[in-house]
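The listed protein sequences derive, respectively, from chains Y and X. Using our numbering, read the first sequence as starting at 2 and increasing by one per residue. Using our numbering, read the second sequence as starting at 823 and increasing by one per residue.
The set of hints was computed from the structure by calculation and includes no laboratory data. Treat the numbers as computed from the prediction; the structure is a model and nothing was measured. All C-beta atoms, glycine included, are put in the ideal place defined by N, C-alpha and C. Some hints here could point you the wrong way.
Stated by the list, open to error - Once the Cα atoms are required to be at most 30 angstroms apart in a straight line, the calculated BS3-like pairs of lysine-lysine come out as:
#1 Y/K59 <-> X/K836
#2 Y/K69 <-> X/K836
#3 X/K866 <-> X/K836
Said to hold, decoys possible - Partial list, computed: chain Y residues near chain X (C-beta under 8 angstroms):
#4 H40
#5 P41
#6 K43
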Amino acid sequence: AQSVTQLDSHVSVSEGTPVLLRCNYSSSYSPSLFWYVQHPNKGLQLLLKYTSAATLVKGINGFEAEFKKSETSFHLTKPSAHMSDAAEYFCVVSDTGGFKTIFGAGTRLFVKA
Amino acid sequence: NAGVTQTPKFRILKIGQSMTLQCTQDMNHNYMYWYRQDPGMGLKLIYYSVGAGITDKGEVPNGYNVSRSTTEDFPLRLELAAPSQTSVYFCASSSGQFTGNTIYFGEGSWLTVV
Chain Y
2 AQSVTQLDSH
12 VSVSEGTPVL
22 LRCNYSSSYS
32 PSLFWYVQHP
42 NKGLQLLLKY
52 TSAATLVKGI
62 NGFEAEFKKS
72 ETSFHLTKPS
82 AHMSDAAEYF
92 CVVSDTGGFK
102 TIFGAGTRLF
112 VKA
Chain X
823 NAGVTQTPKF
833 RILKIGQSMT
843 LQCTQDMNHN
853 YMYWYRQDPG
863 MGLKLIYYSV
873 GAGITDKGEV
883 PNGYNVSRST
893 TEDFPLRLEL
903 AAPSQTSVYF
913 CASSSGQFTG
923 NTIYFGEGSW
933 LTVV
């Protein structure tokens, strides 16, 4: 069975400091993993995705994530936070074994000036 | 490049009323989805479609119906609205089921049932 756990419901950082949003998953098959961002009153936008190629995935706006199979993790990072990064972030796992896409509960990122 | 367009953006319904959320995509995607998002929760799949004329239930289908008469359109119908259906609804589409297909989302429809 698939599942995805975002370990923090809220993360607060200061502008210019690193961002770490944590995601653990479980999947019976080789999963595809995604990070989406949702700005207030907007739809979800794809940040990056992992599909069994390079384990370090670079996305838009300076974000990247590393797939660690041994730790079943797919944490999202950014070296330096910007005020415009304040949003909700969703980790998503998609299973090749069938039609199954599971969304995490989301992590709200706050960026302080 | 419109992508996924859903209407209306906001709607207030009275208990027992019915309404249809419209969704259209211009990317020629076979797969379309309806999700709902409740506060503090991830998205839950209501219904999905793998092509025109084919629909199937997702995780939370009760109280909803869908149809898929064309590739572009995937309306979601609420019959006999209930307060539990107060939520944000997202229509989405993707080119296929295969590994790594990106799901593209509309901007959401905020529905309140009073």
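Against the structure, the hints:
| no. | hint | verdict |
| --- | --- | --- |
| 1 | Y/K59 <-> X/K836 | violated, 46 angstroms |
| 2 | Y/K69 <-> X/K836 | violated, 48 angstroms |
| 3 | X/K866 <-> X/K836 | holds, 23 angstroms |
| 4 | H40 | violated, 10 angstroms |
| 5 | P41 | violated, 11 angstroms |
| 6 | K43 | holds, 6 angstroms |
Hints 1, 2, 4, 5 from the earlier list are contradicted by this structure; the remaining hints agree with it.
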